[in-house]
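Q: Since the structure of chain Z is already known, use the hints to place chains W and P on it.
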Amino acid sequence: MTRAGKWLSEHVVLGVGLLVLLYMFVPIFIVVLMSFNDPASRQSYSFDGFTLDNWLKPCDPNGICESLTLSIQIALLATLGATILGTLMAFALVRHRFRGRAVANVFTFLPMASPEIVMGSSLLALFVTAGLAGQLGFWTILVSHIMFCLSFVVVTVKARLAGLDPRLEQAAMDLYANEWQTFWRVTFPLVFPGILAAALLSFSLSFDDFIITNLNAGQEVTFPMYVWGAAQRGVPPQINVIGTVMFLVALSLVVVGEVVSRRRAARV
Amino acid sequence: MTDAATVPATEGHHDTGDLQLTGLTKKFGDFVAVDDLDLTVPSGSFFALLGPSGCGKTTTLRMVAGLEEPTAGSIHLGGRDIAHDKPYRRPVNTVFQSYALFPHMTIFENVAFGLRRTGSKEVKAEVAKTLELVELGDFALRKPAQLSGGQQQRVALARALINRPQVLLLDEPLGALDLKLRRQMQIELKRIQTDVGITFVHVTHDQEEAMTMADTVAVMNAGVIEQMGAPRELYELPRTTFVANFLGQSNLIRGTVLGPDGTDVWVEIEGSKLRVPRERAVDQTGDVWVGIRPEKVFLAAAGSETGDGSNQVAGGRVTDVSFIGVSTQYLVRMAWGQELTVFEQNTGARDSFRAGDPVDLHWMPDHTFVLDAAQDAQAGAQLEDPS
Amino acid sequence: MSHGGLAPHVEQAAAATPPEQRRSGRTGYLLLLPALIWLGIFFVVPMISLASTSLYDPAGSLETGYAMTGHVQNYLTVLDEYSPQFLRSLLYAGMATALCIVLGYPLAYAIAFKAGRWKNVMLVAVIAPFFTSFLIRTLSWQFILGDQAWLADVLRATRIMDLLIAVQLVGEQGNLLATPFAVVAGLTYNFLPFMVLPLYASLEKIDPRLHEAGADLYASPITTFRTVTLPLSLPGLVAGTLLTFIPAAGDYINSELLGNPNTTMIGNVIQNLFNGGSYPEAAALSVTLMIAIVVMVLFYIRRAGTEELV
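First to last, the sequence lines map onto chains Z, W and P. Going by the working numbering, the first residue of the first sequence is number 2, and it counts up by one from there. Going by the working numbering, the first residue of the second sequence is number -11, and it counts up by one from there. Going by the working numbering, the first residue of the third sequence is number 29, and it counts up by one from there.
Hints are computed from structural coordinates only; laboratory data are not their basis. Just to be clear, a hint being listed does not mean it is correct.
Claimed, not checked - 20 Å max Cα-Cα, derived SDA-like pairs, lysine to any residue:
{"hint": "1", "chain 1": "W", "residue 1": "Lys168", "chain 2": "W", "residue 2": "Leu225"}
{"hint": "2", "chain 1": "P", "residue 1": "Lys142", "chain 2": "Z", "residue 2": "Ala5"}
{"hint": "3", "chain 1": "P", "residue 1": "Lys147", "chain 2": "Z", "residue 2": "Val17"}
{"hint": "4", "chain 1": "P", "residue 1": "Lys147", "chain 2": "Z", "residue 2": "Arg186"}
{"hint": "5", "chain 1": "W", "residue 1": "Lys74", "chain 2": "Z", "residue 2": "Arg168"}
{"hint": "6", "chain 1": "W", "residue 1": "Lys74", "chain 2": "P", "residue 2": "Arg51"}
{"hint": "7", "chain 1": "W", "residue 1": "Lys131", "chain 2": "Z", "residue 2": "Arg186"}
{"hint": "8", "chain 1": "P", "residue 1": "Lys147", "chain 2": "Z", "residue 2": "Arg264"}
{"hint": "9", "chain 1": "W", "residue 1": "Lys131", "chain 2": "Z", "residue 2": "Val17"}
{"hint": "10", "chain 1": "W", "residue 1": "Lys131", "chain 2": "Z", "residue 2": "Thr188"}
{"hint": "11", "chain 1": "W", "residue 1": "Lys15", "chain 2": "W", "residue 2": "Gly32"}
{"hint": "12", "chain 1": "W", "residue 1": "Lys178", "chain 2": "W", "residue 2": "Val212"}
{"hint": "13", "chain 1": "W", "residue 1": "Lys74", "chain 2": "Z", "residue 2": "Thr188"}
{"hint": "14", "chain 1": "W", "residue 1": "Lys261", "chain 2": "W", "residue 2": "Asp203"}
{"hint": "15", "chain 1": "W", "residue 1": "Lys261", "chain 2": "W", "residue 2": "Gly325"}
{"hint": "16", "chain 1": "W", "residue 1": "Lys284", "chain 2": "W", "residue 2": "Leu225"}
{"hint": "17", "chain 1": "P", "residue 1": "Lys142", "chain 2": "Z", "residue 2": "Leu9"}
{"hint": "18", "chain 1": "P", "residue 1": "Lys147", "chain 2": "P", "residue 2": "Arg51"}
{"hint": "19", "chain 1": "Z", "residue 1": "Lys58", "chain 2": "Z", "residue 2": "Gly235"}
These numbers come from a predicted model, not from an experiment.
Same shape as in the complex, but just chain Z (with noise of 0.2 Å):
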């Protein structure tokens, strides 16, 4: 094989990763560049002129930011939930015996390949059934958002679990710490690091998530509910603001995370 097919061929698999991965960012290019967009009008799709206003004013859009406050608050408290319970969810997987395994294994599964139309209907469903149907609104969001991430924060809590050498909790003990102290000082320092996986996905979960809120949400409107409209009514340059920022934000918390992490395995 000549020497720039050899290349070629070791790199070709590489190179098509490569290229998925620029295609995978293409749309946030586009989401960047069309929040300096000074669009012609309501219902234009093409980049008409260079703003800063948006960025200036990203406010001004009728309810953007009070879907967005609303967004953060529902996420904060269905992270809150289903950290508190999946967490103690994991352990009982993970550390205990009990009957029932497979049952909530295939429960605790099921949420999470289900698609969300039929979860949000049958939400909706039950929510009508018990005759909720005029007070659809924070809580029912709330309920439905606790529940569809409690599966993924077991899935990651348990993951970390699995991984934590029991011995280490049995030399603590071995070493006069009782179980309090064990947990405390041992299980939940190395557990941490899963937990708060989990707490970030659970977060980014529900604050975009749309189709089951949308059939649960009653009057309320979140983040992208309101966003969901605007595509019928015509798309305000700020979302594309408030995306390039969620993006930014995301990614400099994983970039922090990554760079503290280096920091303290270089440190002597």
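A: Here is chains W and P on its own, set in the frame of chain Z:
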């Protein structure tokens, strides 16, 4: 089922710092891991629990540490039965096989862990002292992941020692180290134990390690103790076929006891008569196993007379010769078909033989041992790789 | 954002607590209970509600209330009327899943075996686009596929557009938007990480020395891939397929934003029926979709057991 030949049970044992296991049993379902164990570890001694994988030695250790709940029996230490105490209430610490160092804490915090739980005020000074003892004084602020295997092992030792437990349990602590480091650590551990004076209970499958380090060795097999005593005694006078094969190598030959003669017994093997001192025979009537270690056997050309009062078995033919350097190992096929092993040291003063040579075997009666014929002659043979 | 996300599987369960060492007793149940109760009330009971709603008499409404008449007729009505959308959903989801495999496998392979010290960066790069709201990203595709955008221009110039028109993937005027092509492209884009991450998790567990062993035993790289890597990556492939196909089949956002009235999927239908107040019919469709999915998951469980699920 113990032979506490050199460890006499003292009357007041409940009041001393001796570790006393009585009738200790552990069952996992139907599987009996530890079977009615009776054992006394004298205070301040270096005690080795030796046996192949799965013999129950680690389970026994874990029961003493409190990490495993006994099915039956008691564990007495310092006058109390601690068999049902929680691990954190026992004056016992463990050095784990995998070290189990807390990865998120510095070496300092790891070693200080036990002290902090007991509310000591001298933490900093004690930790510094103990780290010096294991020669890791400069490593206090590092994390376990930054240390080599040997260093981690020493941290695990320091972490346990610093608490001055009544008994220190070591679960195959040297298993993960390379040969040279292991030899070094064996000497270190022995030195530290002598300095500090704490009772060490060391679990291992490596017979050389046990014999090098311990004052007393207990050989364990399938949940019971086969024999217990000083290393030399176990080696020179095994009482079961398992011990004979597990420690070093043995030739075991089927024989029949003919009768007593003063302090000796006469035993017949395939037409040859041998003398065996009576105290070296477990069984003094009927069929027996006659045992002789390969390095105790001398080869002589067939038909030659030695006249030194040694036992002699004639009619062998050399089938294999291996020059090892220090010794030459011969395989000799006897008239009745059995192949015996002979190690001759290459002192230069002995004859050497070639494959096919007819030879007679000689050994001193005092080196013979006689075992119960009902036991399996293969028990304990080649179970562990004597690395 | 839709569901899936197996980023946690990236963590290896190195020394999992073996079954014998798990603690028995009531603590396990106590820990489990809150979460199970929550799932029970808000997942299981709703499914039952959904099923019962699907059997209501469609003549009722939210104001007048519904009569439970065990009206199985609902199912026949909706399946009769909406079977084109149903099949279309399965078709689009299938195409999107296939494309996700074609695009996602090389990427997962590259990250697992060819990335070296860039592994973490690439993994973050796979997940990063999802930090932006998925609705906003899908709207971007509206822009990219729009008639004024350069993509359409390029395709027209190179005549590929004519080919696409011929196979009816795009509209007759050569518009990329409001076509099945756009919908499938959107679905593929949105669910790609849910294929890549499980695949990566599976591939990561493969010892690279197996590739060397294959080469040592005279296998070409392609043969090694076919006989060694591919079978070993199967669990990840199956998991990724489930986590892609299932949500894609129920999606309606992509077809709403990027499609036209002829590309509606079952999700659109269900949403519209709910909006219009036809609860029993909407529920019947939902239940049908759910049953189809449960069947597929059961298939998976039979082959792989339940411990690998979560």
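Q: Evaluate each hint against the coordinates.
A: Checked hints:
Under the criterion of a C-alpha separation no larger than 20 Å, the hint pairing Lys168(W) with Leu225(W) is inconsistent with the structure, at around 30 Å. Taking the CA atoms of Lys142(P) and Ala5(Z), the gap is near 18 Å; set against the 20 Å cutoff, the hint holds. At roughly 15 Å between alpha-carbon atoms, Lys147(P) and Val17(Z) fall within 20 Å of each other, so this suggested pair holds. Taking the CA atoms of Lys147(P) and Arg186(Z), the gap is near 32 Å; set against the 20 Å cutoff, the hint is violated.
With a CA separation close to 16 Å, the supplied pair Lys74(W) and Arg168(Z) stays within the 20 Å bound. Our distance criterion of 20 Å between C-alpha atoms is met by Lys74(W) and Arg51(P), whose separation comes to about 15 Å. Restraint check for Lys131(W) and Arg186(Z): the C-alpha separation of about 16 Å stays at or below 20 Å, so the hint holds. As the CA atoms of Lys147(P) and Arg264(Z) are separated by approximately 18 Å, the hinted pair is consistent with the 20 Å bound.
With a C-alpha separation of about 40 Å, the suggested pair Lys131(W) and Val17(Z) falls outside the 20 Å cut-off, and the hint is violated. The suggested pairing of Lys131(W) with Thr188(Z) holds, with an alpha-carbon distance near 17 Å, which does not exceed 20 Å. With a C-alpha separation of about 30 Å, the suggested pair Lys15(W) and Gly32(W) falls outside the 20 Å cut-off, and the hint is violated. The hinted pair formed by Lys178(W) and Val212(W) fails the criterion: a straight-line CA distance of about 26 Å is larger than 20 Å.
Restraint check for Lys74(W) and Thr188(Z): satisfied, since their Cα atoms lie roughly 18 Å apart, inside the 20 Å limit. Of the supplied pair hints, the one linking Lys261(W) and Asp203(W) is violated, its CA atoms being roughly 37 Å apart against a limit of 20 Å. Proximity of Lys261(W) to Gly325(W) is assessed by CA-CA distance (about 18 Å); at most 20 Å being required, the pair is judged to hold. Under the criterion of a C-alpha separation no larger than 20 Å, the hint pairing Lys284(W) with Leu225(W) is consistent with the structure, at around 13 Å.
Taken as a hint, the Lys142(P) and Leu9(Z) pair is honoured in the structure, with Cα atoms around 14 Å apart against an allowance of 20 Å. Of the pairs offered as hints, the one joining Lys147(P) and Arg51(P) is violated, with about 37 Å between alpha carbons and a cut-off of 20 Å exceeded. Restraint check for Lys58(Z) and Gly235(Z): the C-alpha separation of about 18 Å stays at or below 20 Å, so the hint holds.
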